[in-house]
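Line order of the protein sequences matches chains A and B. Residue 111 in our numbering sits at position 111 of the first sequence, and the numbers go up by one each step. Residue 109 in our numbering sits at position 109 of the second sequence, and the numbers go up by one each step.
No wet-lab data here; the hints were simulated from the structure. Here the structure is a predicted model, which is why all the values come from computation and not from measurement. What you were told as hints is all true, and nothing was included just to trick you.
From the derived model, a few chain A residues whose C-beta atoms are all more than 10 Å from chain B: (1) L66; (2) Y72; (3) P75; (4) K82; (5) V99; (6) V113; (7) F114; (8) D125.
Partner residues aside, some chain A positions facing chain B, computed with beta carbon under 7 Å: (9) I38; (10) G41; (11) Q55.
Non-contacting residues of chain B with respect to chain A, defined by C-beta distances greater than 10 Å in every case (computed): (12) L8; (13) H39; (14) G53; (15) V201; (16) Q204; (17) L207; (18) A248; (19) E253; (20) R278; (21) D283; (22) D284; (23) V312; (24) Q313.
For glycine and all other residues, C-beta sits at the position ideal for the given N, C-alpha and C.
Below, each chain spelled out in residue letters.
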Amino acid sequence: MTSGRKLRILVAKPGLDGHDRGAKILARAYRDAGFEVIYSGLHQTPEQIVHVALQEDVDLIGLSCLSGAHMYLFPRVIELLKENKAEDITVIGGGIIPVDDIPKLKKAGIKEVFLPGGSLKDMVDWAKANVEPCRYGERKE
Amino acid sequence: MGLAKRVLQGDVRATARLLREVEEELPGAIDELKVLYPHTGKAHVVGITGAPGSGKSTLIDVLIDAYRKENKTVGVIAIDPSSPFSGGAILGDRIRMQRHATDEGVFIRSLATRGWHGGLSKAAANVIHIMDAMGRDVILVETVGVGQAEVDIMNFAHTSLVALVPGTGDWVQTLKAGILEIADIFVINKADKQGVNEVEVELQAMLQMGAPSAAAWKPRILLTEAINNKGIDDLMEVIRQHRESLIASGRYEAYLRERSRLELVEVLKSSLMDRVSRMATEDDYVEKLIDDLASRRVDPYSAASDVLKRIVQEGKF
Ligand SMILES: Nc1nc2c(ncn2[C@@H]2O[C@H](COP(=O)(O)OP(=O)(O)OP(=O)(O)O)[C@@H](O)[C@H]2O)c(=O)[nH]1
Ligand SMILES: [Mg+2]
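Work out the full structure, taking the sequences as your base and the hints as a guide.
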């Protein structure tokens, strides 16, 4: 396992819902696909998530929310990324999300939304197809 | 403005980006490191090693808190293993330190070993330099918790902590693995659990057998309950004493020289290796040499000497 480009992903659980089995399973799937996954635990505020994303220089943030507060939490993450000139970081969401909310979330800047029952392979494949490790000097400052 | 300049101003995004470029050995990173090097050597580097689950991350969490109360800025480097199968990694040490996530005075970076042995990652030395140049007063390094031979850290840390846990028997393994020699401070964590005395007595006995009594610093043994924030004041005090002893005894200077020597050797090794592998792809020179070796037309010593001569003649790496 030599070095080389590695996708760095933050798997984050914003909000108050109480278990992270899903997030851990997802983290493992990403790891098994060769990605480096930062996992920072339950109950994250959007501020914490964005700070971690910046310090860890991630390419992708996967937000998982089961509490129903996604319409506030997900767009808030996007907003904070913009404030920090980090809108080049791709953000995806998952969890218990009514289908009607999906277009609104996408409009807010969430690139893709994954619903329960979807396959892990789809999520991994999506990341492979849509996210690239940042290139030297390529990212907007 | 170049990344290095922004790192010197403490810019988080620029620092995070440069860390990435250094870790992935991207072109350009070396020029930035050259700019930063004169600004390094100020931070106190504390290494924390110990078996998986011994409480390294939790200890770092409470140490961050203690240093922040002294108004010191903190850098944390938390290393977890890469999967040998996929090359991916789950970096989860931050979970225990999450309350510091939004504190501007705390910069935490997770690294995967990426096949590097010795409990650190190949980039660790430069990651320390960058956090140092960024102006962090203290840099805490958590090694991989594999419980054996994570001894690289002694080359990087001014003060090495080894975390042990009572009752599990893990600590015996840890000590067997040669960790006894590297510890400046033994932290018996989870002191709320059974069997603290046993570890302490055993450890003391082993130390008395090993250490020459004239040594300027005798390893100390401390009890902590990281999760209850107990014993941390004492730990902070002993870390401070260790640093003072390093400086007073002249070992700090000696350490810096040794560190510099190792770094020069490492950089030489890797630039030579880079140069040699480029030779191999540029003109098949090395491949031909290997053919000659395989058919015994030349011996490896003469071949290596040929390669070096050629590099010197070209006058560049
Ligand atoms: N009882 C008790 N548990 C503790 C103490 N300190 C840490 N723990 C717990 O021990 C477990 C492991 O702690 P970590 O800090 O993650 O240990 P670690 O050494 O960083 O683990 P790895 O990074 O996986 O090697 C957690 O559940 C902690 O809450 C303590 O003083 N007492
Ligand atoms: Mg840990």
